[in-house]
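Okay, here's what each chain looks like letter by letter:
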Amino acid sequence: MTAAGSTAIAAAGRPIAGSRRLSLTWVGLVPFFIYTGLFLFLPTLIIVVGSLTTKDGAFTTANFSGIAQSYLVKAFGASITISAASAAIGAIGGALLAYAVATGNPRGILRRTVTSASGVFAQFGGVTLAFAFIDTVGYTGVVYLFLKDHGLDFYPKCVWLYDLPGLILIYTYFQIPLMLIVFLPALDGIRPQWREATESLGGDTWHYWRYVAGPLLAPSFLGCTLLLFANSFSAYATAAALITQGGVIVPLQIANLLTSETGRAAPGLAKSLALAMIVVVLVVTTLYTLLQRRTSQWVR
Amino acid sequence: MTTGAAGPGRGVEVRLDDLQRRYGNATALAGLTLTLAPGELVALLGPSGCGKTTALRLLAGLEEPDSGRVVVDGVDVTNVPANRRDIGMVFQAYSLFPHMSAMRNVEFGMQLHDVGPAERRKRAGDMLELVGLSAHAHKYAHQMSGGQQQRVALARALAIEPKVLLLDEPLSALDAKVRSRLRDEIRRVQLEVGTTTLFVTHDQEEALAIADRVGVMNAGRLEQLGPPTTIYSRPATPFVAEFVGLTNRLAGVVKDGEVDVRGARLPLVKPDTPNGPAIALVRPEAVSLVVDGDMVPGPLIGTVIATAFLGATSRITVDMGDGTVLAQMPTSEAGALSAGTRVRLALRKDPVLIARDESKPTEA
Amino acid sequence: MTRSRRFKLQLFRITIFIVLGAFFLVPIGAMLEFSTRGNAINAPRNLDAWKNIVQTPDLVSAITASLELAVITCLAMLVLLLPTMVWVRLRFPQLNRAIEFICLIPLTVPAIALVVGMVPIYRWININLSDSILTLAFAYLILVLPYSYRALDAGLSAIDLKTLSEAARSLGARWGTVMLRVVVPNMSSAILNASLISVALVLGEFTFANLLAYENLQVAINYVSLVDAGTSIAVAVAALLFAFALLMILSFVGRPPVPVAKAEDADFELGKTVSLSGGLVGRAR
Chain A
1 MTAAGSTAIA
11 AAGRPIAGSR
21 RLSLTWVGLV
31 PFFIYTGLFL
41 FLPTLIIVVG
51 SLTTKDGAFT
61 TANFSGIAQS
71 YLVKAFGASI
81 TISAASAAIG
91 AIGGALLAYA
101 VATGNPRGIL
111 RRTVTSASGV
121 FAQFGGVTLA
131 FAFIDTVGYT
141 GVVYLFLKDH
151 GLDFYPKCVW
161 LYDLPGLILI
171 YTYFQIPLML
181 IVFLPALDGI
191 RPQWREATES
201 LGGDTWHYWR
211 YVAGPLLAPS
221 FLGCTLLLFA
231 NSFSAYATAA
241 ALITQGGVIV
251 PLQIANLLTS
261 ETGRAAPGLA
271 KSLALAMIVV
281 VLVVTTLYTL
291 LQRRTSQWVR
Chain B
1 MTTGAAGPGR
11 GVEVRLDDLQ
21 RRYGNATALA
31 GLTLTLAPGE
41 LVALLGPSGC
51 GKTTALRLLA
61 GLEEPDSGRV
71 VVDGVDVTNV
81 PANRRDIGMV
91 FQAYSLFPHM
101 SAMRNVEFGM
111 QLHDVGPAER
121 RKRAGDMLEL
131 VGLSAHAHKY
141 AHQMSGGQQQ
151 RVALARALAI
161 EPKVLLLDEP
171 LSALDAKVRS
181 RLRDEIRRVQ
191 LEVGTTTLFV
201 THDQEEALAI
211 ADRVGVMNAG
221 RLEQLGPPTT
231 IYSRPATPFV
241 AEFVGLTNRL
251 AGVVKDGEVD
261 VRGARLPLVK
271 PDTPNGPAIA
281 LVRPEAVSLV
291 VDGDMVPGPL
301 IGTVIATAFL
311 GATSRITVDM
321 GDGTVLAQMP
331 TSEAGALSAG
341 TRVRLALRKD
351 PVLIARDESK
361 PTEA
Chain C
1 MTRSRRFKLQ
11 LFRITIFIVL
21 GAFFLVPIGA
31 MLEFSTRGNA
41 INAPRNLDAW
51 KNIVQTPDLV
61 SAITASLELA
71 VITCLAMLVL
81 LLPTMVWVRL
91 RFPQLNRAIE
101 FICLIPLTVP
111 AIALVVGMVP
121 IYRWININLS
131 DSILTLAFAY
141 LILVLPYSYR
151 ALDAGLSAID
161 LKTLSEAARS
171 LGARWGTVML
181 RVVVPNMSSA
191 ILNASLISVA
201 LVLGEFTFAN
211 LLAYENLQVA
221 INYVSLVDAG
231 TSIAVAVAAL
241 LFAFALLMIL
251 SFVGRPPVPV
261 AKAEDADFEL
271 GKTVSLSGGL
281 VGRAR
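Residue numbers (my numbering), protein chains in the order written: chain A, 1 to 300; chain B, 1 to 364; chain C, 1 to 285.
Keep in mind that the hints were calculated from the coordinates and are not lab data. Please read all numbers here as calculations on a predicted model, not as lab measurements. For each residue, glycine too, the CB sits at the ideal point set by N, CA and C. Be aware that one or more of the hints could be misleading.
Quick look at which bits of chain A chain C covers, simulated, 3 or more residues with Cβ under 8 Å [as the list claims (entries may be wrong)]:
hint: 1; region: 45-51
hint: 2; region: 54-64
hint: 3; region: 77-83
hint: 4; region: 115-121
hint: 5; region: 148-159
hint: 6; region: 208-214
hint: 7; region: 290-298
Estimated spans, in silico, between C-beta atoms of each pair [said to hold, decoys possible]:
hint: 8; chain 1: B; residue 1: Asp272; chain 2: A; residue 2: Thr113; range: 20 to 28 Å
hint: 9; chain 1: C; residue 1: Val19; chain 2: A; residue 2: Leu38; range: 28 to 36 Å
hint: 10; chain 1: C; residue 1: Thr2; chain 2: B; residue 2: Thr331; range: 26 to 34 Å
hint: 11; chain 1: C; residue 1: Asn46; chain 2: A; residue 2: Phe146; range: 15 to 23 Å
hint: 12; chain 1: C; residue 1: Arg3; chain 2: B; residue 2: Asp272; range: 53 to 61 Å
Make the full structure from the sequences, and use the hints.
Okay, here's the thing in structure tokens:
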């Protein structure tokens with residue numbers, strides 16, 4: 001019995017009760033729409049409207065020209081650099097890990113452990129992750145002290161952990177597992193027959209990767225790399241815990257604007273930065289979705 | 001790669017010489033020796049795990065034997081990697097490269113063999129025409145039916161003009177109607193190009209229909225190798241008798257080179273079988289049913305419980321009281337036999353095999 | 001596969017697992033090591049930092065608040081999302097895609113961006129409703145929406161909701177009874193999945209709390225680290241291990257019991273849930 005059918009029957013039998021039921025069925029959806037309206041759409045609206053108005057409510061595009069200030073341009077540059085680098089490293093590392101997993105027993109304990117652990121590590125971020133790396137390769141970290149005792153000081157001049165290279169290293173920690181999770185299905189779709197067919201047709205390993213596996217996996221690999229880019233582009237907590245001074249990357253600049261007096265003075269700027277971030281992430285994730293769709297047509 | 005035109009007579013001899021292969025504790029092949037004459041199509045038939053696929057993969061070079069040799073056209077290729085063996089292969093399913101059109105799939109092998117673009121496009125077109133898919137040259141795997149995909153796979157394998165063609169259960173993923181049509185198609189194409197071919201299948205009907213010779217395999221060994229008619233009508237071992245075609249398992253007693261089944265004395269394939277109780281394997285065609293006389297109950301008298309019309313022949317199930325027996329006879333003679341009819345079994349005096357084990361004396 | 005390639009492949013796999021295994025486990029080991037270091041140079045290993053947790057009032061209240069938030073968010077998620085999803089499937093199937101779309105939006109809006117729009121709303125809440133930290137649950141519910149939606153969606157797809165509810169209704173059950181006695185018991189593992197992921201996300205949340213000026217667990221850890229690094233790291237490790245345990249339960253036990261033949265689908269479903277948890281796009285960071 002379909003929803004329409006049930007109301008139609010009820011309406012035929014008891015017109016009044018039927019029409020009441022029809023109107024009441026909508027009530028069940030009201031809480032959900034009120035809630036998402038208030039806490040999802042309203043904030044988005046506030047961001048969009050706020051980024052286009054002055055403090056007094058007049059229309060302006062000044063907030064967006066505000067992004068062109070050199071320290072914000074620099075922050076965007078740094079954000080993009082970090083995101084691109086950590087996405088590239090994460091994508092390669094994660095793809096290698098996924099290949100190592102995909103070539104093992106599909107029901108094996110190793111695979112289950114690695115996929116489960118990746119689900120956990122891909123979630124791992126923020127303050128704790130920053131601490132973990134400070135305790136590992138920070139100035140009093142175990143690995144740093146150990147290597148220094150053995151003659152290898154990887155902080156000859158500066159402690160780069162608290163700067164862009166450090167962020168890239170730390171982001172890799174959640175990028176690799178995320179890559180494993182999103183890329184593994186594509187690798188699983190690669191059939192052993194394709195390699196064997198290539199061989200029987202006279203191709204070697206290079207031919208296989210160049211003409212078969214490479215082109216097949218490329219869209220998915222690219223898409224997943226974009227997702228990783230969006231992932232680190234949006235990341236805030238890890239950087240906030242690691243870098244206490246200044247706003248190296250865009251999320252830190254937004255946080256500064258929200259909490260500092262300058263931010264109160266220019267409320268539209270934070271909103272236009274937020275909108276810019278949303279646009280970047282939206283574009284990147286849309287491309288990801290399109291590329292994944294392409295792959296799913298080939299690899300099932 | 002040979003550049004000569006495709007055609008009969010270019011097949012080469014293939015020899016598998018005492019091939020052995022183990023996986024851990026499991027023996028996949030326990031010494032397989034098999035020679036394929038030039039241009040011949042041999043089908044390896046057997047249940048899953050009998051080693052037939054391993055044999056094919058060893059010949060393709062996708063696996064290495066523990067011992068033994070693979071000789072193609074007089075050259076020992078045992079240690080030659082798969083991509084230099086010049087062997088075309090058709091897989092069970094899903095082997096087309098999904099990001100290439102049918103045409104590109106067929107061209108791909110030639111591209112790897114450094115055939116020029118114009119030449120390979122022309123030849124790929126010819127190959128697709130050979131398998132009747134010219135109209136689908138630009139389709140991708142996901143736009144074609146399973147049967148069409150397998151035709152493209154066949155065209156792709158043959159496009160490199162391989163010395164040997166290997167078919168690894170190429171029809172098992174297709175539905176019945178497509179299967180028999182494509183089976184005939186494969187045979188036609190194979191005869192046309194004349195390539196020596198090894199065809200692996202678990203479907204006895206398929207093997208008997210397509211092959212010059214059939215090799216029945218069991219537990220890593222070749223049980224019998226011979227023309228389809230011999231395999232069917234003169235099975236060399238009980239395994240072959242039971243795996244190929246339907247077989248009645250009838251209780252009897254072996255005595256002095258003959259077996260007594262319900263009072264009928266039948267000759268034995270192996271007259272030196274020791275005396276004693278045994279199970280005789282009797283084909284349904286060797287059983288005919290007679291309705292005559294007073295039908296006094298006796299060991300050879302039974303009651304028809306079911307008839308199945310198979311076209312030219314009919315298969316009749318007879319209840320003997322202590323089990324059932326299958327008989328297959330021309331439909332013209334079976335017309336009068338409906339359920340409930342009392343019949344007398346008449347067993348043809350063909351040499352019969354004795355089953356290895358002593359399980360229930362009913363038909364299998 | 002030929003032997004030489006199998007050997008090379010095994011060598012590659014072992015190398016990858018060792019190298020990446022070290023990369024992922026050493027930092028966690030380092031935290032444990034650090035949290036058991038003595039305060040003085042060359043002091044013997046001790047558990048002082050761990051003992052200090054309960055003696056730091058800021059930490060205790062933050063832990064309490066985060067746990068309360070986790071429970072509230074989780075319950076609110078179930079109360080809001082589950083009936084809506086069931087109702088849409090039964091009465092408004094044409095709205096299914098719209099609901100899914102709305103629930104997945106938070107994946108493409110970075111938390112740090114969303115919080116910008118939330119600041120004015122929370123200012124209003126503080127003045128007109130309450131300034132309790134528990135009001136953060138409103139924001140956290142948005143945060144967990146995509147993940148819990150996917151988990152519940154998987155559970156609902158696995159049961160024949162229409163037939164079940166019609167059968168129950170024909171036996172005289174009210175809608176409340178249908179929900180509690182028929183729907184919920186039939187998708188208990190999906191509900192467990194959605195709940196575990198929500199709890200894990202809330203316990204790891206930093207962005208909203210920090211920028212809306214509430215002191216939850218992660219904010220407190222960050223703050224305490226300035227005075228007593230050892231203790232804050234001990235709490236961080238404890239919280240991490242707790243979240244790990246939850247998520248491990250989620251991936252190993254929390255999946256629905258499926259016949260062997262369907263195990264692959266189950267893996268896929270798991271992948272789907274986790275891939276979203278992975279596609280988290282910086283929410284918890």
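Hint check against the structure, violated hint numbers in rising order: Those not satisfied are hints 2, 3, 5, 6, 7, 8, 9, 10, 12.
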